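Protein chains in written order, with the working numbering: chain A, 45 to 393; chain B, 2 to 312.
No lab work stands behind these hints: they were computed from the structure. Any given hint could turn out to be false.
Claimed, not checked - Lysine to aspartate or glutamate pairs mimicking EDC-like chemistry, simulated, CA-CA at most 16 Å apart: (1) Lys199/B - Glu315/A; (2) Lys140/B - Asp323/A; (3) Lys24/B - Glu192/A; (4) Lys51/A - Asp71/A; (5) Lys110/B - Asp132/B; (6) Lys78/A - Asp196/A; (7) Lys204/B - Asp173/B; (8) Lys284/B - Asp263/B; (9) Lys380/A - Glu265/B; (10) Lys14/B - Asp78/B; (11) Lys233/B - Asp32/B; (12) Lys9/B - Asp78/B; (13) Lys105/A - Glu155/B; (14) Lys244/A - Glu267/B; (15) Lys14/B - Asp32/B; (16) Lys176/A - Glu191/A; (17) Lys346/A - Asp366/A; (18) Lys171/A - Glu161/A; (19) Lys24/B - Asp196/A; (20) Lys97/A - Glu155/B; (21) Lys140/B - Glu200/B; (22) Lys380/A - Asp263/B; (23) Lys63/B - Asp78/B; (24) Lys78/A - Glu137/A; (25) Lys176/A - Glu192/A; (26) Lys9/B - Glu40/B; (27) Lys83/B - Asp93/B.
Claimed, not checked - Short derived list, chain B residues pointing at chain A, Cβ under 8 Å: (28) Asn26; (29) Gly48; (30) Asn122; (31) Gln193; (32) Leu216; (33) Ala258; (34) Pro260; (35) Pro264.
Please read these numbers as outputs of a predicted model, since none were measured by experiment. Every residue gets a Cβ at the ideal spot worked out from N, C-alpha and C, and that includes glycine.
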Amino acid sequence: MSNPILKVENLHVNFNTYAGTVQAIRDVSFDLNKGETLAIVGESGSGKSVTTKTLMGLNAKNASIPDNSRLIFKDRNLLDLKEEEWQTIRGNEIAMIFQDPMTSLDPTMKIGMQIAEPLMKHRKMKKEDALKRALELMKGVGIPNSEEHINDYPHQWSGGMRQRAVVAIALAADPEILIADEPTTALDVTIQAQILNLMKSLQKETSSSIIFITHDLGVVAGMANRVAVMYAGKIVEYGTVDEIFFNPQHPYTWGLLNSMPTTDTQIGSLEAIPGTPPDLLDPPKGDAFASRNVYALAIDSKEEPPFFKVSDTHYAATWLLDERSPKVTPPVQIQKRWARWQEIQGQEA
Amino acid sequence: MTGKEPKKLVELKDLQLYFNKGKANEVRAIDHVTFDIYEGEIFGLVGESGSGKTTIGRTILKLHEQTGGEILFNGEDVTHLKGKQLSAFRKDAQMIFQDPQASLNGRMKVRDIIAEGIDINKLAKNKTERDAKVQELLKLVGLNEDHATRYPHEFSGGQRQRIGIARALAVDPKFIIADEPISALDVSIQAQVVNLMKELQTKHSLTYLFIAHDLSMVKYISDRIGVMHWGKLLEIGSADAVYNHPLHPYTKSLLSAIPVPDPEVESVRQHITYDTTIETDGKARQMIEAAPGHFVLATEEEAALYKAQQV
Ligand SMILES: Nc1ncnc2c1ncn2[C@@H]1O[C@H](COP(=O)(O)OP(=O)(O)OP(=O)(O)O)[C@@H](O)[C@H]1O
Ligand SMILES: Nc1ncnc2c1ncn2[C@@H]1O[C@H](COP(=O)(O)OP(=O)(O)OP(=O)(O)O)[C@@H](O)[C@H]1O
Ligand SMILES: [Mg+2]
Ligand SMILES: [Mg+2]
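With the hints as constraints, model all of the structure from the sequences given.
If you want it as structure tokens, here you go:
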């Protein structure tokens, strides 16, 4: 069934800073299947953007990647590519919608031209035709009166309009892998829905694959086939979207699902995960989440948990899944989710 | 509402801001908007992207010159503030910007970015006190001490957003305009920041204009909510009223588009589309009080209809 277009194997990314080496990505492996949407969720600073920027060959100058890290795309290790070779892949076969729209737009170039440029470069389209397609894409991402705005500069647009421009640029290339880093966070929900639908329909047409990074678990629920949860430079749990939402196993995933307000959260405060994330200059021994985890076991501070198998598609790196561990009762909200899981399983059986 | 009227901290009266006024590309970013923000409340502003929310925030802070109308802060017309009063206003009213990358000076260390306002307003007696304040603020927003000596580009999107929050809080403001302060944060840190904002609201009687797209968070944090579309305020009321008994068709459409964090529900959710013709038919509309404290921009007939649709 699985048909990976991309294999990430043992990825490590370190950043050299004055204060020392920041170990931003600490052994991340995952597959991306053709035609699927993989959502990456997790703590702010856990390495989602660094992972995906690495896939675009766009890491900061102070980044270093050890030799045993491999990113296999079309039988090549992307990490071996020279900058000229990247030129034909980046923005073409693999395109990315960046988290910070203002930094990926050129403030001195008209927005219409910025969308048309990759079409002229990679598809060898004539300027006229490229601009026509640019206009279609501007309409597609919901820029009202697009004709009037095609010659605008980025500063004339609102935050959300700029973000839509960035989406249009990435979609213009018709990439095989689309990486979307928080593509809709600056958008109101109606336009968000419009853009997500556009992404979905383009994906259906071209069976492209999407890596979708977002903090909005509602968006994850609607877009993703599979979900990977990151914490402190590692993937701590991955599974199908139903497995992560209804049968979560890692205490960090529990905390994440528990932090959301629901419409019946009225009084009192939200359930934030206590404490702060570990310092990646000097990551703790054992399970990096242990110090914030009320379910932590003694072994967590000594030895890093391996991935335990929950199902063929679902794995979690927590000692709680070891058969020798005591059975714990998760938070009430999670128990409710597990009950839903039983129901869903029952319906399917 | 019974008893004493709550004190108004910010009053917008028929505010207008047109970009490129009189030219072919005129944009009515704020089109005759009137509302008040009461002292100590969190006022949530939601609405379509490009509807003028950020522009309202920037205009209140005098970063744009209004085309028409008035802005009062503590009863004073801010357009006339000068000298001492102006610098006091600049300290009392802070903004957390939507685009953290663009609003942080990349050549400054995080410590100095956060302390900038402390320095300008001479809020620390000496270096030890300054450093201690910075440490406290970093902790408050969930960052740690060694982040103080790093530069903005070394941070993730959400971490940068928190630097912006710490910087705004550094000067003990009375009023904070928070423009999408949490959308770049993971849900747990969102919860931390929102809890922090609420705590400061009660402890320091801070007042907020909270601009956001995440409607469930807006509902949770806000006392009252205003809904904007195309430069106009369409509906205003208590968070519960707007969320549970929306009147305007745009508000209804917006609420129906909220993604639900449940894959099963998400696969069948229906989105109500909004027909914009009611904003372009040229009929005169005004804010009509459909229920106590709950206003909608409508004609008399529409208001009656909206009320009748309520159950
Ligand atoms: N150029 C750099 N130099 C030093 N540290 C860096 C650099 N870029 C990123 N980092 C660090 O790497 C870690 C991962 O950052 P990344 O941007 O991938 O986080 P993220 O998961 O995308 O977070 P967010 O949800 O806030 O966007 C963070 O701790 C960040 O501080
Ligand atoms: N400097 C400018 N020159 C011309 N038009 C502008 C300028 N700044 C903003 N606008 C326009 O004013 C309108 C309102 O923009 P604003 O940034 O206030 O929207 P917003 O509600 O904050 O949207 P978002 O949710 O996308 O951030 C938009 O149509 C925008 O294009
Ligand atoms: Mg990121
Ligand atoms: Mg804005």
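Is the interface hint for glutamine 193/B satisfied, with its Cβ closer than 8 Å to some Cβ of chain A?
-> Holds, about 4 Å.
Mind checking the alpha carbons of lysine 63/B and aspartate 78/B for me, to see if they're no more than 16 Å apart?
-> Holds: lysine 63/B and aspartate 78/B sit about 11 Å apart, inside 16 Å.
When you check the alpha-carbon spacing of lysine 171/A and glutamate 161/A, does it fall within 16 Å?
-> Holds - the C-alpha atoms of glutamate 161/A and lysine 171/A are around 8 Å apart, at most 16 Å.
16 Å Cα cutoff - pair lysine 176/A, glutamate 192/A | 13 Å, holds
Does asparagine 26/B pass the interface hint, meaning its C-beta sits closer than 8 Å to a C-beta of chain A?
-> 7 Å, holds
CA of lysine 346/A to CA of aspartate 366/A, is that 16 Å or under?
-> 15 Å, holds
Would the pair lysine 105/A and glutamate 155/B pass a check requiring their Cα atoms to be no farther apart than 16 Å?
-> 11 Å, holds
Given the hint that lysine 78/A pairs with aspartate 196/A, test it: the Cα-Cα distance must not exceed 16 Å.
-> Measuring from Cα to Cα gives roughly 36 Å; hence the hint is violated.
Mind checking the CB of proline 260/B against every CB in chain A and telling me if the closest is under 8 Å?
-> Holds, about 3 Å.
Hey, lysine 380/A versus aspartate 263/B, does the alpha-carbon distance stay inside 16 Å?
-> Holds, at roughly 12 Å.
Do the numbers back the hint for glycine 48/B, that is, is its least Cβ distance to chain A under 8 Å?
-> Constraint on glycine 48/B satisfied, holds at 7 Å.
Would you mind confirming whether the straight-line C-alpha gap from lysine 140/B to aspartate 323/A stays at or under 16 Å?
-> 13 Å, holds
The structure is inconsistent with the numbered hints 6, 8 and 30, although it conforms to all the rest.
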